[in-house]
Amino acid sequence: MLVKRRGPACLLASSMASLVLVLVVLYGSLGSRLAASSGLLRRDYQLLGRPLFKLDVSWPKSPELFSGDVFGVAVNQFAGVVYVAQRGNNVPKVLVFTTDGDFLMSWNTSTIEMPHGIFLADAASSNPTVWITDVGSGPYGHTVKQFSPSGKLLQVLGTPGKAGSGLDPLQFDQPAEIFVHESGEIYIVDGDGGMNNRLIKLSKELQVLWLHAEKGPGMAQFYIPHSVTVDGAQRVWVADRGNKRIQVFNSVTGDWLGSWGSCFTEDAPYSVRLTPDKKYFVVVQLNTSQISLLDAPPVGLIGQCRVVSVIQLAEDVKPHLVDLDLKTGALYVAEIGAQQAQKFTPFSLGALN
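Note that full-length UniProt numbering gives residue 287 to position 287 of the sequence shown, counting from 1, and the numbers run on in steps of one.
Hints are supplied without guarantee of correctness; some may be wrong.
[Said to hold, decoys possible] Derived lysine-lysine pairs resembling PhoX-like cross-links, with alpha carbons at most 25 Å apart:
1. K279 - K327
2. K278 - K244
3. K278 - K327
4. K215 - K54
5. K279 - K54
6. K204 - K244
7. K204 - K152
8. K244 - K279
9. K152 - K162
10. K61 - K278
11. K61 - K327
12. K162 - K244
[Claimed, not checked] Across the chosen pairs, the derived CB separations fall in these ranges:
13. V91 - L211: 17 to 25 Å
14. S150 - N250: 13 to 21 Å
15. K54 - G184: 29 to 37 Å
The set of hints was computed from the structure by calculation and includes no laboratory data. The structure presented is a predicted model; accordingly, all values stated were derived computationally and were not measured. Glycine included, each C-beta is placed from N, C-alpha and C at the ideal position.
Model the full structure from these sequences, guided by the hints.
The following block contains the structure:
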């Protein structure tokens, strides 16, 4: 058999091809590891239904600053500032960014143990404040705390370090979230798996105006109430996580108005917020890693829930709580599994109209 010898040029080309192949494999493996460690792999998402939002991949500009489990996010649309609450040992509990993604500061305060919900109140005033629910079990936990924008502790609701159900003085057991209305009235869902399953409304002077505090699947009963928001039609919307539904109440009287459950057969609602145009509710489902937009019903009608758009995130992202910039319509998502917060912007100025 005749064997044809390969010339030097052929051998060199073959060696170079082999080297390139090895480098491609090594680079691909290294790139995957780097992307995974930096959270880039967790930017994958799909849009289902009507496309309303797109991911802003440039926010924040320093994603490596996320060093813990990200649980909550709150926006001051007037100052253009975003507050991100995270948990973990030896990590700042709050990171502060601009809405453009620049890092401003962090709160290295020991007065927050395990932040859960975070809310920006009085954003339009000269003295906005940041409210944080603390579900920790140590000496500072089971409380709702009010801070200045720079992280100075202003006041504490509840009995620090002691879980309870009392109303005078107020006690909490793992309070999940707070919503402060522009009137100064306060709505708190309590608790995140503790002894309480309550929706409490407080006056501006912190007096209890009404509450629902029964555990169960019935009307005005709760099982792990997890998020709360108020619309412009005197209606309170509560993500009743354990019962896989959203319940609705009259904000003045506390009367039960209805519930939505048909949209949450696969996973429970974890977070509920209203878009600036009041047309859609943004609802998060953690275990399925979905962000859904539901049609907001007109005044005087609750009806059945209807999903018009879904942002399907990667499987391990685990979105927890959300907030919206009421000026631009941008959506900010706190993601436990991805250990990051992300920003989604409307596709156009008219996308939410």
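Fill in: Hints that the structure is at odds with (numbers, increasing)
4, 6, 10, 12, 13, 14
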